[in-house]
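Start from chain A and add chain B according to the hints.
Number of protein chains: 2
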Amino acid sequence: MTLRISEIFGPTIQGEGALIGVPTVFVRAGGCDYRCVWCDSLHAVDSAYRRDWAPMTPDAIWAEVKRLSSGQPLVVSISGGNPAIQDFGPLIALGRAEGYGFACETQGSVARDWFADLDTLVLSPKPPSSYQVVDWAAFDACLAAAGLGPQVGMKIVIFDEADYLWAREVAERYPDLPLYLQPGNPEVDPDRPVDLTAALARLEGLIDRVTADGWFRPRVLPQLHMLVWGNKRGV
Amino acid sequence: MTLRISEIFGPTIQGEGALIGVPTVFVRAGGCDYRCVWCDSLHAVDSAYRRDWAPMTPDAIWAEVKRLSSGQPLVVSISGGNPAIQDFGPLIALGRAEGYGFACETQGSVARDWFADLDTLVLSPKPPSSYQVVDWAAFDACLAAAGLGPQVGMKIVIFDEADYLWAREVAERYPDLPLYLQPGNPEVDPDRPVDLTAALARLEGLIDRVTADGWFRPRVLPQLHMLVWGNKRGV
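So the sequence lines, in the order shown, correspond to chains A and B.
First residue of the first sequence: 1, per full-length UniProt numbering; consecutive thereafter.
First residue of the second sequence: 1, per full-length UniProt numbering; consecutive thereafter.
Chain A with its partners taken away, still in its complex shape:
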């Protein structure tokens, strides 16, 4: 059995969401059932890049994670694309046996049994600006699949007022999930430097919006990797 892998890199830190700042090695899966118009990881989504996705066995992925982390256990972040369209159960089993932790980020469109074996599951339903339509039955199936296994959080990217209002509704629907808001990043060209001042102004705008609203539930966080490394890959 092989998995389509876009890239394996690290150790670096998790740049966003529940595990912000945590040292990690990323395993980025190739392939996605979504086509968000502002996707910042198209190289792991668009099948035009399919030839860049290596077919790797769980053993081969695991060997690379161990090499990168020098055999020192840490949290492995499974991302994509949408990693849930593939079976990461065997990889997780290999890593857990050696004391590594596992986090996964997915939009919540496909439920998997192996969600229950994670330490952290971040579900990031895509807001209206993505031009995707969330299947809430599938999202609920993801929560059910995770069960009491991992810590589950919900992360929502906010590009505009419609996204913000949508996030407020979605938050009400899941009152018990830890919630993370992140300003959307419209600058996704890996060959152009990010405008730091603009990126931080977007963070400030989102902080202002939430606090002016008296909405004190979400954590508001940037994408640290984007601030530090721009859209450079492999960090």
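One should not assume that every hint holds.
When chains are identical, the list treats them as one kind, so a pair holds in a single copy or across two.
To be verified - With a straight-line cut-off of 20 Å between C-alpha atoms, the simulated SDA-like cross-links for lysine to any residue are:
1. K232 x G205
2. K232 x A198
3. K66 x R209
4. K66 x P90
5. K232 x L196
6. K232 x T197
7. K232 x W38
8. K232 x L200
9. K66 x D208
10. K232 x E204
11. K232 x D191
No wet-lab data here; the hints were simulated from the structure.
This is chain B only, laid out in the frame that chain A set:
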């Protein structure tokens, strides 16, 4: 009974450490038993600013927190200066009765019974570059005072290699405490803009140091408020 208060402001987000990104109102106490050479809050430390510290009763502080938060419960962050040189127990009791949470950050030089009433206690022992000397017996007394009440974390600011090596030793001494590392900020003049590129380069350097070392325990986080607002006060 009155407390010396340097400023009360918010709602904004907590910019650093365990609660990074969490909406909060800050209550900044005036007065400190330390004089870190790189202190970024001298206006709440140096007695030259003492006339700016309002003597306020817990009731008056509480009324201001409620006004700022429009009566919507959130996490109140008690900072300073060193808030532990004063008695914040009555303020915490007032707030908890109305559903607010409380976090406190202190260097860990003075233990207080009211630590046990917090939701989050961040102890930030000061590294060698501060030119302060940590009293570990006092630090341990802080941990004992907190007991099983709050979530306790340890945050260490890193200015240089000596600080980093010190942090590694201190971390070994407290293997069970969640650990947060933060690059030191040498630009603390409130009237000068922060050099973002330099600030992010310091973050990158600390990430590189930790990951190259294979030290995967600490979370490495910036000061978000400094990135967004520089050294401006009241945000």
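Practice task
May I ask which of the numbered hints given earlier this structure violates, with the numbers listed in increasing order?
Solution key: The structure breaks none of the hints.
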